[in-house]
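The residues making up each chain are set out below.
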Amino acid sequence: MKKILFLALVVLVSLSFAAAVKAEEERPLYGCELNLYDTPNDDGISVELEFMPLSSPDEVPQYGIDLYVDGVFMNTLTVVNAQALFIYTVPTDKRGAEVRAEVFAYDAEGTRQGPVQVEKAISTAQWYYSDRIGAFIWSMLFIGLIMILIGKAKKGQDIFIRRIAGLEAIDDAVGRATEMGRPVFYIPGTSIIDDIATLASLNILRPVAQQVATYETPFSVPIKDPVVLTVAQDIVKEAYMAAGRADLHDEGMVYLASVGQFDYAAAVNGAMVREKPATVFLLGMFWAESLMLAETANTVGAIQIAGTDATSQLPFFIAACDYTLIGEELYAASAYMSREPLLLGTLKAQDMIKGAVIFAMLLSLVFMLFGIDSVMNFFFQ
Amino acid sequence: MLFWYTVAVLLSLAIFSFLWKDNPLYKFAEHLFVGTMVGYTIVMVFSQIIMRKIVDPITLAVHNHQYLNLISLIIATLIGLLYLSRFSQKAQWVSRYPISITVGFWSGYAIVTSFKTNILTQVRGTVVDDMGAPLLNGELLGDFIKSPSWSSLDLAVSGPLLVFGVIVVLIYFFFSIKNENPMVRFANKPALLYLMLGFGASFGYTFMGRISLFIGRMNFIFNEWWPLLKQTIGG
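Line by line, the protein sequences are chains A and B.
Residues 1 to 381 (our numbering) make up the first sequence, in order.
Residues 1 to 235 (our numbering) make up the second sequence, in order.
Since the hints were derived computationally from the structure, they do not count as laboratory data.
No false leads were slipped in.
Residues on chain A that point at chain B, a partial pick, calculated with CB under 10 Å:
#: 1; residue: 134
#: 2; residue: 259
#: 3; residue: 311
Virtual Cβ for every residue (Gly too), placed ideally from N, Cα, C.
Please construct the entire structure, taking both the sequences and the accompanying hints into account.
Here is the structure:
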């Protein structure tokens, strides 16, 4: 038995040696590995090139890769032999282009040898970005939930939303302005109409304007973006009509203060100092102008109700304003005040998705403790 | 050069005078700023949008006989022109169409992108770090127990603290659950603590940025304008 084992071992070792020697003999003088393939998840306008030198830098200090697109010479890539993988994206500028790469080796004397390898690939466009499958599944889940919950809200099912402190103060803030005979300023952020925070703010504008109209309080809405201006003008007009005080509505209430960031801040600051509002709403998306506006409102003695989803600006509002709606509270506020089924259903769906995310996150964390990352990759690809 | 530098300095000082109180100098600077910006924006819109995005592509499409492209450009331009219906009392409702198209398009476009960048990537960052190591890591805790030090403590607790913080803050932003709910009651205080710590750090960071802007302006006045003034007056 021992002899057989010994013989088998000898045969195995001999075969390995033979294979190694054969591989050494077969190894080409200017060895390299060239891989050319269509770029995944793109619009079909590029091809990926991967090149690995196999010869030693003493034998081949440098390689050259000639690139042709549809048979037309494009350029030569020079690769210094560092025995490392070289990656390059070949732009084709059009779909269906055939890219050919020819590798040449430069020997120690600098003589160009080859081509030692030639590869071809065609650039093609992909219909779907496969890295987004996870996001697609989550989005479908979210949209499905929203549809179901909006349907329920429309049928009259009560959807509970908890009390939000800043919103409770709106009545008092508008009442204060009425008693003092001073105006209410409503600043719906400085972003464009596509911004979610701007949309949330415009949803809150309507009930606030309605209340202001009921109390017959002067109202001022300075705007930075022309499209937001058009929407805000309609909202305020409708709110005044809904309050039965169309006679109090003035087109000039909602006006374009300026179109730039700091000039807008300068214009609104000036208006605040001159008109001395008793209440200032700063709801929407803000950038560096947030503290300027909040501080000026504070200087003129106004009560400020602020809210934004810009995390970098929230600290300033918290420091300078009386009430602050933090991040998502701004979206919740618009649903809370308007009681629109669309917003209520969306808010409930958001909560459910947050619950699902927490669950998936905890599950992933538990599996990761045991070194299993497939659960995480499944949920958060 | 000195003239324009002096104008810049005087306008800077006029804006700073607002810190004292509203005054004619500030009003002048404010109106100049707003007027200049509006004028600049009109020129920019004309050259960068009307010319570059409408006139030039349409001309090019006609020249190259790309009629499908031409039709899409003309349709988009016509939709954009509907905004101008605001000037008519009777037809101003038409302006809602371009607004609804813009908002609808961006809302739809943002769904998957937002999920990917704002939720999935962020949550993944709560499960594993940049190197792919899990944030809840028993080995790091074991390392700390074996050889206690500040650095090993930091490594052991920073991950779990981050995970805990994300969860309690997420629970804080549940709006359809009553405040009396035990889970919400448990999460409220630590969530607020996390939020305020984060906001405090952000406040300090941004404040330092603002101070550096102020220093930049002072640097301009004292190290650029003032030496130039002295040099010019001194001959």
